[in-house]
Amino acid sequence: MREDGLLTQKFDKLLIANRGEIAVRILRACHELGIRTVAVYSDADRNALHVRYADEAYHIGPAPARESYLVIEKILDVARRSGAEAVHPGYGFLAERAEFAQACVDAGLVFVGPPVHAIRVMGDKLMARQTVQAAGVPVVPGTEPGLNDEALVAAADQIGYPLLVKAAAGGGGKGMRPVYEPEALPGAIAAARREAEAAFGDGTVYLEKMIEGGRHIEIQLLADAEGNIIYLGERECSLQRRHQKLIEEAPSFVVDEELRRRMGEVAVAAARAVNYVNAGTIEFLLDKDKNFYFLEMNTRLQVEHPVTELVTGVDIVQEQLRIARGRRLRFQQEDIRMRGWAIECRINAEDPYNNYLPSTGQITMSRLPTGPGVRVDTGVFTGYEVTPHYDPMISKLICYGETRAEAILRMRRALEEYRIMGVKTNIPFHQHMMESHRFLSGQFDTKFVEERFSMNEREPADVMEAAILAALVAHRQGQQASQVVAPGERDTSNWKWYSRWERLRR
Amino acid sequence: MREDGLLTQKFDKLLIANRGEIAVRILRACHELGIRTVAVYSDADRNALHVRYADEAYHIGPAPARESYLVIEKILDVARRSGAEAVHPGYGFLAERAEFAQACVDAGLVFVGPPVHAIRVMGDKLMARQTVQAAGVPVVPGTEPGLNDEALVAAADQIGYPLLVKAAAGGGGKGMRPVYEPEALPGAIAAARREAEAAFGDGTVYLEKMIEGGRHIEIQLLADAEGNIIYLGERECSLQRRHQKLIEEAPSFVVDEELRRRMGEVAVAAARAVNYVNAGTIEFLLDKDKNFYFLEMNTRLQVEHPVTELVTGVDIVQEQLRIARGRRLRFQQEDIRMRGWAIECRINAEDPYNNYLPSTGQITMSRLPTGPGVRVDTGVFTGYEVTPHYDPMISKLICYGETRAEAILRMRRALEEYRIMGVKTNIPFHQHMMESHRFLSGQFDTKFVEERFSMNEREPADVMEAAILAALVAHRQGQQASQVVAPGERDTSNWKWYSRWERLRR
Amino acid sequence: MKYMAMVGDKEFTIEINHEYEILVNGERYEVDFRQLPEGSVYSLLLNHRSLEAVVEERDDLWQVLLRGELYEVQVQDERAYRLARARGTAVSVTGEAVIKSPMPGIIIKVPVAAGDVVKKGDTVVILESMKMENELKAPRDGVVKRVQTQQGASVEKNQVLVIIGDPHEEG
Amino acid sequence: MKYMAMVGDKEFTIEINHEYEILVNGERYEVDFRQLPEGSVYSLLLNHRSLEAVVEERDDLWQVLLRGELYEVQVQDERAYRLARARGTAVSVTGEAVIKSPMPGIIIKVPVAAGDVVKKGDTVVILESMKMENELKAPRDGVVKRVQTQQGASVEKNQVLVIIGDPHEEG
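Line by line, the protein sequences are chains A, B, C and D.
Count along the first sequence from 1, then add 2; that gives the number in our numbering.
Count along the second sequence from 1, then add 2; that gives the number in our numbering.
Count along the third sequence from 1, then add 1084; that gives the number in our numbering.
Count along the fourth sequence from 1, then add 1084; that gives the number in our numbering.
Quick caveat, the hints were computed from the structure, so don't treat them as lab data.
Source: prediction; values computed, not measured.
Fair warning: there could be bad hints in the mix.
Said to hold, decoys possible - Far from chain C by the CB rule (all over 12 Å, computed), these chain A residues:
1. A153
2. I161
3. E419
4. A463
To be verified - Which residues of chain D face chain B? A few of them, derived with a C-beta cut under 7 Å, are:
5. Y1165
6. P1186
7. M1187
8. I1190
Stated by the list, open to error - These stretches of chain B come out as covered by chain C in the derived footprint (C-beta under 8 Å, 3 or more residues):
9. 49-61
10. 106-114
C-beta atoms are modelled at their ideal positions from N, C-alpha and C, and glycine is treated no differently.
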């Protein structure tokens, strides 16, 4: 083990400390590399795809993640019992918990991810900011950590308005407050401190300049244990709602070859500052003048990694496993060439017509789109229960095209082909977006979905009439079935229709 | 219309004169280009995917193709009624019938394919041979057409043994006879003439040198109406059985950059000799010394086009449609760069353990493999009937990898993930092949499957025991269900098991 | 045979003329339909136009998935429709609007109280579930008749939370 | 409870000890299984080893799809197995072998006649179907007892074509 908490060595059996589509994604990569797999499952997941596709599976407790997928000791116990030699954390759950990575290496298990030290530094926003700034990486203008309220107010004038009050710990927008004028600052600082204290047990806040019209652009990195680091181009993830990414693409509409190289090199420098190893992502905010600022580093595999895989041809999860096995990177920077365009739509169980309310229930049908240029990563199947225990993502629908326009047109085709029933999904949201002029022309920023996009009901009259006729057919069929039981109420004209229909169905 | 029978012009509605996976493939490309689609269907295909995914659908007759899909007048009648402006023939059926292409252009319809003249010349083996030979394309040493028996016998000594007697018309191995020694020649000529006369109404035969250890390598071409022709690299299709391709890959294990360029340029010359337009393929035989010989030209889209799409990133069907609309090629030769490796397995309804006997029946389950690097093109779904009317191909499973080894390993994963029930399939054949040392090391020729490959039963004891336990569980479940009706025979220990089981299934 | 179909607040009249001829709001369709072996999938040909729909019944409504959109359709034959009308139970924009919990969760806040006047789109309940705060909104203008939950309460799926009545109704 | 299972010519003895403990040919398995909502799919955990199988019954055999391979399994409980044995109807390598048409088609050739001695793998019928000539082969050594078709005949699926008996049987 290295001093910074990195253990790399060959392994033949790996435990996947996750569930859902990402567990399936990792299982497939292992299968393709000849690595045997161990799945863990909660009470809610005995029938899950990740259990069925794994070589071995172990039960680890009740449905709530804090009693199963988040319990480090249970994961390590299964590793011991199954003889697993490595652990892949996926994303979410324990993926960015330094103590989990530490516990793995302490137990002699290869943790498929970065050194413990890198997780720890990058997991603390302020430490991360200081570390990369020292390495020459541009950060959003703002204050140092730990200032008191008076110092913050004084610093605010130098930074200029609008600005953001942000919590040092945590994420997901908690403890964050936008401030547009000096008068509002004291109140915002107080509110952010309260929220951060409640959410993370740490009320430390700092100020950051608000970048208006900013785009979320991130750089995918791969780094081996010998210190070789390369970037696999950028992803554009500006289409978000409540800090949840909804649509990602690679490359970005606004990044040219020169900017890509500059952002890539800066990202590599940021990673090098923490002796990073394995796959990781540097998130940047890109302003209208093409200035970019470090936001944070995700020290793990990301949900949206497939769009990079499609345009670079590199299998990022397989590379993660190779790196963790102690292998040197197979690529040099000049080997990485992007070709074509890829877009990912996250299909969530939520109602886009009703304030994106989550929708739970049993998936009564799941027929995936397929054919040229379409990839679906999912853990959902016919009969799957969408429960409130886990996140509402049903699948990732990823389309490739030679150009951005072709990828979009293919996405429209794939969205229309998707058959999913039992819960409401945000497929109509994606369909609207794929037809939105702003999206088509690449003119959007991180506020676009929340502030300038709406689901005006599309009601092509003829499709609605078809929907009605389909319902009518089903209705009559149900009626006929019940009339078999109640022959006194038979309607002969119906029967005639029905029998003709039955005859034709043979 | 050009003199050679080519009509290219913009169209917005296209009729697909085909069924099955290729009709679905074309529908998807049209959908992605905003072209409205018209499907045709026989009695057997009312529920088919190509009917359900099309914008419009018209019935054209009974199940046998000769009474529906092969009746030119019915296709043209639907084109008239639906207002279609173009026709895509797919492969098979009417795709290489010059009179169909002629009838389309006569009716003012764009035929998505080459000029009528090119179909006619390339459809006649001897004429094709003479034409390309005149253009400097190497052909397998052999005789001129139309020689009488005496002249053939005389020519045979010059060509040398072993050789092939081949029918001028037709294909699929009919009217073909291998001859290993002079004594057998007269009998073989007589037999081939009889067979050709019976099959094609034309007893013309010729002789060709037999290339031993030859590999089937083909070059994919794209040509626009302005005379620009490019090649999209090669495909290796040596794994065949009874002249039916089973596995194809791109690139070929034995073709290097230099050979690819030479074969590509020769293929372009062959196409130029008939003023070729649209997508087409030149099939070559490559001998052990890397000499290659023209075999024939397929003047249509091919089954195995996806492997080329995956390694070049070019959507061949979309290019076909663009070319037919009169657009100039978007690519120059130097724009075409191959990346990675792609393999296609044709999944057929046949029993690899019983002499590849076709298997008919209803598909009771079809769950496709998915995830990274996997593409499935299919017209089959849960409930689909495999009938003797059409070919037994269920789907094309195509896998991409950064290297050949990765594509093979991914194919193993995808084959294992595929769930198809109701008919026997050749998935075990593909699984065997993906584990065969000869295949892995790229050491095979067109005779490999028939002469040096066998399905030795793989019987990992533990998997068989799992199969037995699965059957036992199903058996007991059926038994319990029937015991509800016959309570006198109840076995309480079973009941205990069953109720526990029922409880757990909730 | 005559049917009434409703989608949202749109009403359609359907007449079945012959076996394969249906009129929707007076417009004629030649209809060919098949139920497919795969669950509740229907293939429809309407004047040769091809459409595939998935149709399932839920809470007395037909859920129809068509080209990515989910339509909720209510179908009644003429007699049932007339009876319902007479009894006043036909779908209508007046009457009570019941706000139910769409999923299990915890009530974060109930920003309304009985008697409050609300406008369509006003938030009436904030529910935390699936790691997110979800705002449940009034489906139409009205007056809050009853609040059946409170901050901090754990609620089940479909539990009634708030009932909104007509503005002119007596409280 | 004891069962016998046969796959091809292999026989397995299965004992159900406890609810979740099964012995196959004496080897102990801890078994956890679920039937999934998707048709006839079963998820099995055998001593934590995970396997997904699709199981359907056809012609009194269980068709089990496992990792791409299709196994045909016959399961009998001990009593049924003993009864069948006693009646002589248990699976056996002797007795008549019936060659049926695996699909509709046209008989191209019948290269054998009644009384001919055939070896396992000999072609007994050539059937044209699905645009291909298919050779139906003898499943074992024996003597042709009856030919029930002829060249040029149109045959249905599962139609009996040729019956092969034991070499030592009377013709």
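Legend entry - Unsatisfied constraints (hint numbers, rising): Violated: hints 3, 4, 5, 8 and 10.
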